[in-house]
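Chain order of the listed sequences is D and A.
Counting from 1, position 83 in the first sequence corresponds to residue 83 in our numbering; the numbering is continuous, with no gaps.
Counting from 1, position 197 in the second sequence corresponds to residue 197 in our numbering; the numbering is continuous, with no gaps.
Since the hints were made in silico from the structure, they are not lab data.
Glycine residues also receive a C-beta, built at the ideal position from the N, C-alpha and C atoms.
Fair warning: there could be bad hints in the mix.
[Said to hold, decoys possible] Pair by pair, the computed Cβ-Cβ distance ranges are: (1) Pro-287(D) <-> Val-550(A): 55 to 61 Å; (2) Pro-654(D) <-> Glu-597(A): 45 to 51 Å; (3) Ser-201(D) <-> Asn-32(A): 33 to 39 Å; (4) Thr-262(A) <-> Ala-239(D): 35 to 41 Å; (5) Thr-534(D) <-> Gly-551(A): 35 to 41 Å; (6) Thr-262(A) <-> Ala-343(D): 34 to 40 Å.
[Said to hold, decoys possible] Sample of chain D residues with no beta-carbon within 12 Å of chain A, all distances over it, derived: (7) His-75; (8) Glu-290; (9) Arg-305; (10) Gly-405; (11) Asn-512.
[To be verified] Below, computed lysine-lysine pairings styled on BS3-like, alpha-carbon distance capped at 30 Å: (12) Lys-319(A) <-> Lys-62(A); (13) Lys-394(A) <-> Lys-554(D); (14) Lys-263(D) <-> Lys-62(A).
Listed below are the residues making up each chain.
There are 2 protein chains.
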Amino acid sequence: MNIPELRERHPEHWKKAAAIRMLAIDAVEEANSGHPGMPMGMADVATVLFEKHLRFDPTDPKWPDRDRFVLSAGHGSMLLYALLYLTGYSDMTIDDIRRFRQLGSPAEGHPEYGHASGIETTTGPLGQGIATSVGMAIAEESMAARFGRKVVDHHTYVIAGDGCLMEGVSQEALSFAGRQDLSRLIVLWDDNGISIDGKVSLSDKTDQKARFAASGWSVHECDGHDPDDIDRAICEAKATGQPALIDCHTHIGFGAPTKQDTKGAHGSPLGAAEIAKVREIYGWPYPPFEIPSDVLSAWREIGARGKVTRAEWTARFEKLGPGKRAEFERVMAGTLPKKLAPALAAFRKEISEGAPKVATRKSSEMVLEVINAHVPETIGGSADLTGSNNTLTKDLGTFDVDSRGGRYVHYGIREHGMAAAMNGIALHGGCIPYGGTFLVFSDYARGAMRLSAIMGTRVVYVFTHDSIGLGEDGPTHQPVEHLAMLRATPGTYVFRPADTVETAESWELALNTGAPSVLALTRQNLPTVRTRHTRQNLTARGAYVLEEAVGRRKAILIATGSEVEIALNARTLLERKGIGTRVVSMPCWELFAEQDEKYRKSVLPAGPVRVGVEAALRFGWDRWLFGERGSEKKADFVGMTGFGASAPIEQLYPHFGITAEAVAAKVEALI
Amino acid sequence: MNIPELRERHPEHWKKAAAIRMLAIDAVEEANSGHPGMPMGMADVATVLFEKHLRFDPTDPKWPDRDRFVLSAGHGSMLLYALLYLTGYSDMTIDDIRRFRQLGSPAEGHPEYGHASGIETTTGPLGQGIATSVGMAIAEESMAARFGRKVVDHHTYVIAGDGCLMEGVSQEALSFAGRQDLSRLIVLWDDNGISIDGKVSLSDKTDQKARFAASGWSVHECDGHDPDDIDRAICEAKATGQPALIDCHTHIGFGAPTKQDTKGAHGSPLGAAEIAKVREIYGWPYPPFEIPSDVLSAWREIGARGKVTRAEWTARFEKLGPGKRAEFERVMAGTLPKKLAPALAAFRKEISEGAPKVATRKSSEMVLEVINAHVPETIGGSADLTGSNNTLTKDLGTFDVDSRGGRYVHYGIREHGMAAAMNGIALHGGCIPYGGTFLVFSDYARGAMRLSAIMGTRVVYVFTHDSIGLGEDGPTHQPVEHLAMLRATPGTYVFRPADTVETAESWELALNTGAPSVLALTRQNLPTVRTRHTRQNLTARGAYVLEEAVGRRKAILIATGSEVEIALNARTLLERKGIGTRVVSMPCWELFAEQDEKYRKSVLPAGPVRVGVEAALRFGWDRWLFGERGSEKKADFVGMTGFGASAPIEQLYPHFGITAEAVAAKVEALI
């Protein structure tokens, strides 16, 4: 539908949509930076969605049963900010929008979760929103199975662009969502045929509708500028038993005389001359950032409706028994059951006494048996490596179309999709996601893992086969740089436990931080090194003295994970020669860095020789070897210097010189 | 077709295929590690492909016009090793296969490029093979356009499994290949319905044929155990004008009495009892690793045919003019035109004199104008950020269906697919790929970039917008950990040039190394800091003294890229106060680490205070700040401590304290 028709046939709708468009245009112009084309193109769809379908209450943005709205095409952020302001979210003011993309404004370049309410997830890296929304839909189904449809009964709506659909992660997301019949997931595709380089046809001719249908989606279509047609398509999409794609035929930069339907409308201000003409075409004589009161109050009325819907929900919620209500509120608040901590402490005590020799991936499974038994909100899974990641515990049940109460997700060979879905599960609330793959394949999940870190989602990445210790699979499967890559990522806790006790401590910390955690776990068996039970969680300090020097302390060995055993053996060799050697286990660099200087120096005092031991690259280690009054002349490292090789583990450690003898020799050479 | 039928109707085929199967079974059993199921399932398809279609000559594995064979399902490596041995590749012996997965054997867990001839690319991380093959097909078309179909006329065949098709990168690869009508790309899908967790249906119900068709592929089907049907399907696939998918219906672990069609056949030895039964079922009484002479000679005959085909090709090749032949040989050898070096030297001289103030992404474009004019084998591109990455130079032309001579590829919003395709272009030979995106989106390409590093492919990653300097787009677009992540990756050169001169030097080095290179380039303008022309490429040393202290040297500022300007300004402030300050520009850590100790110490002598400056995290920097007789007490760093923010660049650098004043203050605090 063209603008004259639209204005004539749907004057009220037009004004509401025009308000969004003009706010986007003027904010981008004022910032002299941003993306006006997408909000101009999708304003009609967004207006119909918010006016006729979306369940939300600006006065209670965290209302658990609200619909989730995800702007996967995050560069169109002004579309979202305009909607938040117009519908009455108190923390998105007209001044915030006036300060679009300026330091301190919640109206940032791309939507940043937590910077303003109503922003359900951080988007911008293309494809992430659509993949994250799959997790929201999983959580919705899981919560509904636990607490009933009376109190959990919402949809997840996504606006995605051509770029989102071209990113590979979108295929992982849609094929998984199709397999799971996530019927409350509705994707509104901004089908404008334009990308940054020009026409989408420059690089793609995919029939997207056929592609989605091939994975079991119901597929719909509409004129993205015809309110009635948009409404019809959304109604149809909600009525199906499958996830739904709505192909919204839109014009990027709708109404811009020279820039509509061109890449020129995508990522830069329209310019004063063009904007002046747009105001005429829109019939919008008002100055920038001024919304006429009738339009604003029309929008505010839409926002106000949520109160009623929410009140009805609250009435239904009150009808749940007090126990169920309390449990619902507990999981939505993200607090853990009180019984978990003592159960884990008891588990650690038992392990310290029994001192089993198992791989830490198996340790993790043993810990999960305790956690999953006490924490009904965990949702585990693996990217098709269940038996290798040891992520499945008994009685979890499979999350599937006909068993939404199941708590184990078969994500398929989709590491990136799994990581993004876990972000969505955590963001939705009520569930705690963990998922496994090999540490080396964190490469595939980086895009979503970085968003976990930026948003601080409580996601636990269970990464097994964490070194050359995996053996025969060879270099492509043996991580050497990944610990450095993950430790270098802000807001992420990387745990590399040395045994079952440290694994239990790491898991406990992972569930208690407000941030993503990585557990790097071995394929090979390791002895229990923590045979003296402590009530305190020693891993919480990041690093601690595992074994003290017998005689005068001349050396400190710092090790993580599977190399702690090697350090202990090296210590034995050195002590035999009368070289007093302390062994420091350092399961989590980030937590150790957070300790006060006094503690750090008590673990790593100046003076003794320091040798680090880790079956990975040295990159990043110098901080602990040289730092805090360590000295280059008295520091060395035993680890990898390049990629691994294909051979049994018994051959690989000696081949790469990662042995107790090598560690001892380095110490002797330095003292 | 079942085994009795197959043995009866196709006895000769059966024996050849059985040889592959038994070698795989026995090698995995001997190694007590590996994946027998896939070779057992795909042996019939592979036999027909190698016997009836594949153009190859084991006596000249690098013959330029050979068909490329890519085993995307790399875990089935024994399928490939068996074929290489049976067809007569001299560097894959029966003893190598006997030592499958043992240290030093070229028969590694997964196929490793360069470890044995006939291995066209390293595979194992799922989806990489199919995505890499797209690049091989691009290079084939490009070379054919340059040198003619008489000498460039081959296919790329891929064997892909369900896992390859589930990985998102496969979507990026297939949708791009479909758009480009890469008709010489034929994917043989091992459709056995089994993944590691169990049935593929556990996690996917995608109609793969419909999915490929939706992106313009021709789709075919066959009984993967019926030689005639396989042959028919391959003939049909070769006859189409589009890339072709052949859905090969196979049985994993074909013929294993208890394990066929189960996940039990996928990733572990069958076991002695099962194998004994398999020998009966196969009618294969021979001991492990013994191939009866009639079967071996039948296979060797197939291998020997290549000589004839290659001789015919050589005759046609001789008919090219001597100039064209020499050029063909030059590009296949990967040597650069002699005129490039002087042209780049002249460019650097001109720049040093003119001292333009431009963004290094623009510098890169200026350098590329010189390179692309002199190096006709470059193939540039971008993941839909052409105008931002400045990767397109004049007269390159667009590589497209009807313009294969074009040298610029619109990869679409497919960073991962682009990186994998560039690996394929480099592996094919005759072309030098470079491609652009934002540095932060290297996250999306990690899977393929790690393979670039493992294989040492000459791929140039043009990563622009390399810090908070990109401004308003905010945290999701501002890399802070990526330099650390890339520097931590072995076998990768990371260049962060400070100006146009260093950019030219970096580009020259990138084209001359036998390894992948990353160019981290700015969005914002930078002054020319190298105003004194040197004939020597100073970036080749990794780091060098840019400005020496005037008075007694009390401080050394170490900076990269856009922060070199800040270091120079800090030096001015410090020298004013009589604090002798040296500025070291360090565009490439890896190259500096390769220099001898004498040079390194001449650049970073012991004694003076050292302050590092980089708009990124400190992670990894301690090596240069504390190392080689630096000292913690006299070292500091100015950079980022977490994620960025959305604001104009003028606000961001002061906001994060990355200023000349801050650097000078750190120095004064330390001396």
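Outcome of the hint check:
1. Pro-287(D) <-> Val-550(A): 55 to 61 Å: 56 Å, holds
2. Pro-654(D) <-> Glu-597(A): 45 to 51 Å: 28 Å, violated
3. Ser-201(D) <-> Asn-32(A): 33 to 39 Å: 53 Å, violated
4. Thr-262(A) <-> Ala-239(D): 35 to 41 Å: With a Cβ separation near 40 Å, Thr-262(A) and Ala-239(D) satisfy 35 to 41 Å, so the hint holds.
5. Thr-534(D) <-> Gly-551(A): 35 to 41 Å: At roughly 56 Å between Cβ atoms, Gly-551(A) and Thr-534(D) fall outside 35 to 41 Å, so the hint is violated.
6. Thr-262(A) <-> Ala-343(D): 34 to 40 Å: 37 Å, holds
7. His-75: Non-interface label on His-75(D) violated, nearest chain A Cβ at 8 Å vs cutoff 12 Å.
8. Glu-290: 24 Å, holds
9. Arg-305: 32 Å, holds
10. Gly-405: 17 Å, holds
11. Asn-512: 21 Å, holds
12. Lys-319(A) <-> Lys-62(A): 20 Å, holds
13. Lys-394(A) <-> Lys-554(D): 65 Å, violated
14. Lys-263(D) <-> Lys-62(A): 44 Å, violated
In summary, the numbered hints that this structure violates are 2, 3, 5, 7, 13 and 14.
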